[in-house]
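Trainee: Here is what each chain is made of, one letter per residue.
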Amino acid sequence: MIHFVLLISRQGKVRLTKWYSAYSQKERTKVIRELSGLILTRGPKLCNFVEWRGLRVVYKRYASLYFCMCIDEDDNELEILEIIHHYVEVLDRYFGSVCELDLIYNFHKAYFILDELLIAGELQEPSKRTVARLVAAQDSLVETAKEQTSSITNIIAQAAK
Amino acid sequence: MSGPSLMDSLFQRTLEDLIKGLRQQLIGEQAFISKALEEIRKEIKSTDLSTKSTALLKLCYLSNLHFHDMSFAAFHALEVLSSPRFSHKKIAYHAISLSFHDSTPVLLLITNHLRKDLTSTNEFEVSLSLQCLSRIANVDLARDLTPEVFTLLSSNKLYVRKRAVAVVLRVFEKYPDSVRVCFKRLVENLENYDPQILSAVVGVFSELACKDPRSYLPLAPEFYKILVDSKSNWISIKVLKIFAKLAPLEPRLANRVVEPICDLMRKTGAKSLLFECVRTVVTSFSEYESAVRLAVEKIREFLVDEDPNLKYLGLHALSIVASKHLWVVSENKEVVIKSLSDPDPNIKIESLRLVMAMVSEHNVAEISKVLVNYALKSDPLFCNEILGSILSTCSRNVYEIIVDFDWYVSLLGEMSRIPHCQMGEEIENQFIDIGLRVKDVRPELVRVARDLLIDPALLGNSFLHRVLSAAAWVSGEYVEFSRNPLEFMEALLQPRTSLLPPSIMAIYIQSAFKVLVFCLHTCFVRGGSTAGVSASASYESFDDLSVENGADSTVAHGQTCTSAPITNESIVNLLKLVELALSPLLGSHDVEVQERARNLLGFVDLIKLEALNSSGQEENDSERKGVEATKIIRLVHDAFSKELGPVSLTAQGKVPVPDGLTLNENLGDLETICGDIELPSSNTFSFGYPSEEKDVSSFSNLQIKEDSGQSNESTSLLAEHRKRHGLYYLPSGKSEVISNDYPPANDPALQGDNNDNASDLVKLTAESLVPKRKPNHSKPRPVVVKLDEVDEKPVAVKQLESRDDSLSGAVRDILFGSEDILPTSSRSNLPNSNRKGKKKQHMITQVESKENVVDDGNSSSRRRKDHSHGKERRHRKKNAEERNETDRKEKESSSNHPRRHKSRQRAEEPLKVPPQTSVIPDFLL
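Sequences listed follow chains A and B, in order.
Numbering-wise, full-length UniProt numbering puts 103 at position 103 of the first sequence, and it's gapless, one number per residue.
Numbering-wise, full-length UniProt numbering puts 646 at position 646 of the second sequence, and it's gapless, one number per residue.
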């Protein structure tokens with residue numbers, strides 16, 4: 001299974017972390033420090049797998065972002081690469097040619113999309129179209145709620161005047 | 001504290017504001033964040049849920065990407081969770097799955113929220129709570145929510161159902177009893193044709209099968225069907241993983257599956273699936289020649305591919321194959337060797353592993369030579385990786401693959417001269433270990449040590465200090481093999497030794513002491529004060545002496561090579577050199593160094609006084625004095641000439657307390673002698689014996705006659721040991737030898753005892769060594785002393801966690817109990833009404849459902865029984881008995897269905913309760 005998913009920028013800034021196994025806050029920081037040291041220093045045209053603490057980290061660089069997933073020793077590395085690519089494609093479809101800034105400002109959306117894709121460290125939804133549909137449906141749910149909120153705040157604001 | 005005002009919530013910063021602010025901040029990131037955190041703390045107490053949820057979202061952001069603690073908000077997250085709005089819920093669930101862990105105190109309060117959402121009509125809410133459950137479930141949550149998850153397992157909304165399936169994994173893991181409730185539904189989902197569901201179920205099973213494959217053997221037919229029918233690569237990969245676990249357990253299954261896998265391997269275009277096939281074959285089907293050949297063909301394609309990923313995986317697959325089919329590696333030798341110079345360090349390491357896998361008795365020399373050349377050229381990291389693997393491979397199993405130790409020792413010397421070498425510690429250990437274990441190699445060892453010691457350039461490299469300390473020790477311990485001991489003295493006392501750390505400096509001085517004693521002994525004891533003593537002569541005397549002493553023969557080495565003459569004059573020079581080199585060290589800050597330097601100088605003074613000063617005086621006097629000196633030298637020399645052998649870690653326990661050794665004797669007067677001796681730090685290696693010996697013997701020489709000196713030596717050693725390991729001494733003193741839990745390799749106490757005249761001890765230690773010697777004299781390979789206890793690592797007994805145990809136990813109960821109905825799909829006998837009251841009494845439900853399962857099993861088996869609640873167990877027992885009977889009958893007429901019968905027996909094996917029906921359905925046979 002996938003133990004965690006990390007998105008790290010080339011400068012070592014963390015853009016997204018998702019943990020499927022139990023790691024304490026302290027361990028998380030340590031893991032990220034270790035891995036960014038390990039991965040960011042690797043040159044281009046090297047293989048995308050790194051052995052780390054008896055596990056394997058599969059990473060792939062898209063523009064300035066490194067997508068990393070940590071898996072068990074006997075998991076399929078190429079499959080994970082495909083999952084990463086899958087995720088990137090879904091993001092791309094959702095944001096419309098995604099860039100790092102999209103992920104910075106919509107960090108929660110990136111999470112929600114990831115949640116549609118993976119659950120409990122396993123791939124859930126292999127179809128891009130379905131994911132897009134599901135995310136859109138949930139977004140509209142949120143939107144309607146927001147509209148309500150804003151109208152209510154408006155009411156309160158007026159009342160407060 | 002008053003909540004935030006309305007204005008606060010109106011002008012609350014949104015997440016976007018926070019992110020923007022963080023990117024444009026002028027006051028420094030930390031300051032900005034702590035300010036934001038302060039705001040959040042205030043806002044999160046708001047009664048307005050929108051404000052609260054925004055605050056929570058911001059907190060998530062900070063916690064997630066800037067790692068700030070958000071445990072304080074746990075309760076607030078729950079409050080937001082109770083909001084009816086989906087957007088709030090979403091944020092709350094996100095926060096909870098991010099921050100909650102097993103010991104979060106409010107975890108108990110979440111159960112009802114989750115239950116409410118799990119039964120919600122909004123599929124997205126259900127999915128959110130499932131998602132959250134998959135992350136935070138603990139025993140209680142898993143237990144309390146099992147009924148809900150069970151319901152969702154057959155939800156007609158695919159979206160919900162696949163999530164429920166995925167969550168089951170976590171629930172099983174935390175609360176194995178849930179297996180009894182949910183397992184059957186999970187298995188039903190295996191027959192689903194929707195790829196989403198199938199992928200989720202197969203994923204769950206592949207994780208489960210990793211932990212305990214045997215329990216899932218009965219499901220093999222379903223997996224087989226999926227393997228053959230599957231169109232999706234994701235699913236195929238997971239199924240292959242399952243088969244990789246199952247196949248080794250059941251040869252018939254392997255027979256059946258190997259063909260489809262090979263087909264898949266031939267047909268598929270997807271590399272990931274192809275690799276999975278290859279890996280499955282090489283790990284679990286390695287006895288199927290044709291399959292392996294096909295896999296190897298594919299591996300070769302990987303190896304020559306441009307893509308570094310494929311290359312890496314190809315090498316990885318090779319290393320899996322290597323354990324069983326070494327020929328595969330040899331076939332691809334060129335690629336592997338070429339990969340050693342790949343730009344990618346990971347590929348290099350992988351290929352290094354492979355190269356090391358190829359090493360055998362015959363080619364170790366060549367391969368090591370090639371590798372050392374690579375090491376010379378490569379970067380420091382990989383260089384040490386190479387050296388490390390050479391060292392560990394060669395030393396494996398007490399130097400199993402080394403035949404020519406002379407070669408190996410010189411290789412060690414060569415390796416330590418490689419500029420990037422940082423393996424000093426390992427080389428040090430092997431130097432000493434080989435010295436102790438392999439007698440025949442000692443002359444070469446001494447030669448290598450000389451080359452290392454004599455080179456002043458090496459002293460500057462701090463990584464080599466450990467190697468040098470080993471070399472120094474070797475030179476002192478085996479000085480009798482050296483061509484020119486004087487050379488050693490010069491090397492050991494050369495000025496640049498001041499670069500050494502004190503602990504190693506101390507070893508240098510100690511070794512110098514030994515070499516000096518050897519020189520003096522050669523010069524005086526054997527040849528009197530005549531010039532030009534050859535060492536071969538000194539040899540005889542040496543042997544004579546050891547015989548005289550009644551100790552076991554120390555050196556039985558015929559060949560000697562000392563050629564440089566040791567003259568009186570050279571001795572004088574030597575003593576001068578010692579004085580010159582060591583007098584500055586008398587003021588050393590390190591007690592160890594100071595102590596040893598003082599000892600050595602004291603000894604030099606003594607010798608000078610006794611022997612050399614007299615040389616100018618008249619003959620008689622000189623002779624008389626010479627005798628005194630000779631006596632001292634002989635005594636000290638004897639002390640040093642005891643051979644050190646490897647001592648097993650458990651040897652100490654075998655040594656009984658010798659007779660006549662009173663352990664609680666008053667040692668007060670020895671205190672004055674030994675009181676100021678600083679004990680050597682225990683992190684230096686097995687030096688205990690010579691150093692202690694020296695301290696004691698040189699002191700006791702001064703005071704006590706030789707005869708009494710022996711026994712006193714042991715008592716003073718004991719006193720010292722007592723001082724050092726006082727912790728382990730009981731007042732009774734009885735446990736003196738037994739109590740020491742972790743004696744160093746050459747424990748001073750043991751050696752002290754050994755040194756004692758008590759010959760039974762000598763015998764004992766000899767016994768512990770002798771029978772383990774390789775009796776193989778016909779071979780040219782020198783004898784390597786082995787110790788059973790040391791070399792055998794305690795095999796870690798793999799114990800399944802109790803959780804896993806109970807999990808697989810539960811799975812087995814279900815599977816083997818209900819096996820018959822599985823393939824025939826007469827299912828869903830669990831009435832829905834059964835689940836209504838579950839909230840309160842899920843325990844009862846479990847029993848019921850379990851019974852149902854058993855019922856099912858019986859209904860389709862030959863023996864139908866009337867069941868009544870509460871008697872189930874007895875019935876099972878009866879069933880078991882009856883089964884045994886039928887078994888016996890079947891045995892008599894087993895010619896009809898021999899295989900079938902066998903399969904049943906196999907299944908019974910892991911079970912306490914014999915199963916009702918055969919495990920592997922006929923379809924597989």
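Derived by calculation from the structure, the hints in this document are not laboratory data.
For glycine and all other residues, C-beta sits at the position ideal for the given N, C-alpha and C.
Honestly, I wouldn't trust all of these hints.
Which chain A residues face chain B? A few, computed with CB under 7 Å, are given here [to be verified]: (1) Thr29; (2) Cys47; (3) Phe49; (4) Val142.
Trainee: Evaluate each hint against the coordinates.
Mentor: Structure-based check of each hint:
1. Thr29: 5 Å, holds
2. Cys47: This hint holds: A:Cys47 lies near chain B, its Cβ roughly 4 Å from the closest one there, short of 7 Å.
3. Phe49: 6 Å, holds
4. Val142: 4 Å, holds
Hint compliance for this structure: no hint is broken.
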